[in-house]
Amino acid sequence: MLKIDGITKTFGKGTINEKIAINDLSLDMDRGEFITIIGNNGAGKSTLMNCISGVFPVDSGTILLDGEDLTRQPEYKRARHIGRVFQDPLKGTAFDMTIEENLSIAICKNRFHGLQPGISRKDREYFRERLALLEMGLENRMNQKAKLLSGGQRQALTLFMSIISEPKLLLLDEHTAALDPAAARKVLELTNLFTREKNLTTLMITHNMKAALENGTRTILMRDGQILMDVRGEERKNMTVETLIAKFEIDNDRMLLD
Amino acid sequence: MITFAAFIGSVELGMVYAILALGVFLSFRTLNTPDLTVDGSIVTGAAASAMICSLGGNPVLALAVSFVFGAMAGIITALLNTKLKIQPLLAGILVMLGAYSINLRIMGNKSNIALTKSDTIYKMTKEIFPGTYTSLVLGILIVAAVITLLFFFLKTRLGFALRATGDNEDMVRASGISSDQMKVFGLSLSNGLVGLAGGLLAQYQSYADIGMGVGMVVIGLASVIVGEAIFGTRSLIRRLIAVALGAILYRLAIAVALAAGMPANDLKLVSALIVTVALALGVMGENFSFTGKNSKNGKTGKPGKIRSRIQQKVGE
Ligand SMILES: Nc1ncnc2c1ncn2[C@@H]1O[C@H](COP(=O)(O)OP(=O)(O)OP(=O)(O)O)[C@@H](O)[C@H]1O
Ligand SMILES: [Mg+2]
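Respectively, the protein sequence lines represent chains A and B. Following our numbering, the numbering of the first sequence begins with 1285 at its first residue and continues without gaps. Following our numbering, the numbering of the second sequence begins with 6 at its first residue and continues without gaps.
Treat the hints with care, since some could be wrong.
What the hints assert, rightly or not - EDC-like, lysine to aspartate or glutamate: derived pairs with alpha carbons at most 16 Å apart:
no., chain 1, residue 1, chain 2, residue 2
1, B, 160, A, 1407
2, A, 1375, B, 174
3, A, 1361, B, 174
To be verified - Here are some, though not all, of the chain A residues that point toward chain B, as calculated from beta-carbon distances under 7 Å:
no., residue
4, 1375
5, 1378
6, 1379
7, 1392
8, 1399
9, 1402
What the hints assert, rightly or not - Restraint-style ranges between C-beta atoms, simulated for each label pair:
no., chain 1, residue 1, chain 2, residue 2, range
10, B, 153, A, 1428, 19 to 27 Å
11, A, 1303, B, 158, 40 to 48 Å
12, B, 88, A, 1294, 19 to 27 Å
13, A, 1294, B, 94, 27 to 35 Å
14, A, 1346, B, 116, 53 to 61 Å
15, A, 1326, B, 149, 52 to 60 Å
If you are wondering where the hints come from, they were derived from the structure by calculation, not from laboratory data. Note that CB positions come from ideal geometry on N, CA and C, so glycine has one too.
So here's chain B without its partners, still in its complex pose:
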């Protein structure tokens, strides 16, 4: 269906998208809010990374800056939500819109930056370890590190507080924890990962473009939902790996579709359809298992929180 080289390329790209998916997982599952900041913060990360690389800066430092800039976008969204009481979806849209101008500024008022002549983390590793699989191994290592850190983090006291915030804010406040602070923290971590994904993406394709963020949140959601559906949610570690695999699968599916002759212009439509179908199947699957042994919400499911049926959260 696709050439071996295209296969490897898709998996390499999938590793980058896996980090995006893990970021989206944090907001969508752990905090229980779909966060639209992502479409902006991924470009912020890419812009910062591309700019630093093109100026001859250290590519690893560039990635750290991508993380921090992405996290700042998340903090703004969370503050709009918690301090100004703007609905989470709207807050995300506002930041996404505002980020467009900021991103252009970061990119020096150009709509794209090419890194063909600049150092990137991929080129650097290739120089030290030349070979076909270098970029792939690098991607796997980065994703493995992110998953490991996330796993241990979600098992700490702070991680518990974060997870409980998506579950039951009343309980969190009654436990002496500021749910507002948790939202700020959670969205900053989530968008930090998204920014990191953007930074890596720019270095991987040696290219950053002001319009590259469109639909990224949908791709992230698709990866989370499809990954969980296929690879399972039994334990937290399994769930994190499933989300990452979902992103890789998504890239492979796109590669196959393109090779089969799908016009590249239809990509976004197909992404939207995938998420729609996945969400619909998710709802049906939940109802199906409602009485079963693996019932997600049990018979004591939260009234008025049907939404949570499609948005099961992290945990054992």
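The shape of chain A in the complex, shown without the other chains:
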């Protein structure tokens, strides 16, 4: 489904701040696979996602999604096949537009943006029905602006928006990190619900090793812009946070604390 072949990304090339954030990285993903990504700060996890989604171009290598070469496509074109949720809950919604207007922008991802009514009655009914799944009462607040929502509600909404157009690939960059524990649990629960229901191919960055091993079907550990470990199946099932730490000498306080 996703085929990343030898990509490299260097920031500040030729300056004293030169930093190889992604170093000749390759990754193959099957349809429906759910990879959790861990790694210490600066390992290149977010950069990997930004390379896939086209926030910036890669220096070399290729990225194929479902056979389509994304490597040179602009961000907005790739977005038609990719759903994204960022760490910052403010990044995912247009704050001064209503919940239903936000949803409508999300569902129209692969539709033509012309002079059709912004929201059709059919879409509105669909939103109401599906929003109820979030169990946050948002289905009764569809005419309220997104800026009135709490961080957890917003992130749940963003997650919902990211999957509503059934993307080929879902990218989640620490999407629960800015939330309180209860909201984080809820959003993670919804993540599992949605990805299973639509059998979405998913990449999820988390700094919580336990969550990384408990969710998804495969886990990779990144360090210095490369993949240090890649486990799935039996091997992954038998892996514990303790063995992981021992094996890879993980010294990241942030990861240990959780």
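Start from chain A and add chain B with the ligands according to the hints.
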């Protein structure tokens, strides 16, 4: 304070300025950028309209050309911004400067054109419907049409995409929409309206002047801010009407001030003061309502985007 005739005249002129204000509303509120192209594009519209009328062309056609020429100025500003990564304010200034030469060329290298002997849309309507209120009614109809079109447009898919671009570009790109294209489109529509206002202004005063654009963006901003503050922003339609009323109010205030003996030379200074005060009050008003029920940004207000507090956007 002012005579009845002066009152009617101010409202008539206010209708023209209302279209300018609606154009400025699109860039300032919807796209979240103050666009200085306006000082140039309004003259472009006026020059094109005056030239066509003075050559005996159809005044309505002249207005269409004003719109298109204004829109082209907006497109250039947006391209400077999106393709060459020039800051929006600077891009606007550059186009404003460059437009001066273009405008002179449009006007046949004369610094003004009088339309005293030419047909205009106002004179044409007066011939068909003679009366005191003809120009006023014509102005109201044009403004009502522009507001209606804008309202429905901002409720379409394309309109949604445009509004979201001013809110959150990351989200727009993540939704498969080119934020650059939206900026080009939005600034062209905005300056198209400004050009139309210029074209109407030239026909209304039967006169176009190369220097008539100075300070127009400030007048537009004043109309938007004052109109919203006085007439409310509760719904999109109300907000559009408020902006138009703001422009009319501005013209009335000027008429009263002039009648009270303010020297005409002080007009620009007063305009600048009005906008300064309005912006300052806007900031204070926002802080005031921060905890209130009508809080505009809520407690989840965008960090580092304090600017947006004074620049609330369109929407329900
Ligand atoms: N836009 C940028 N410009 C310059 N350097 C960058 C940029 N983005 C990331 N980097 C650098 O690239 C490296 C990898 O950063 P990245 O954000 O991918 O790490 P990460 O694994 O997501 O870390 P974290 O767990 O802290 O989110 C870091 O050294 C970072 O400083
Ligand atoms: Mg990161």
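Legend entry - Structure versus earlier hints, numbers of those that do not hold, lowest first: none
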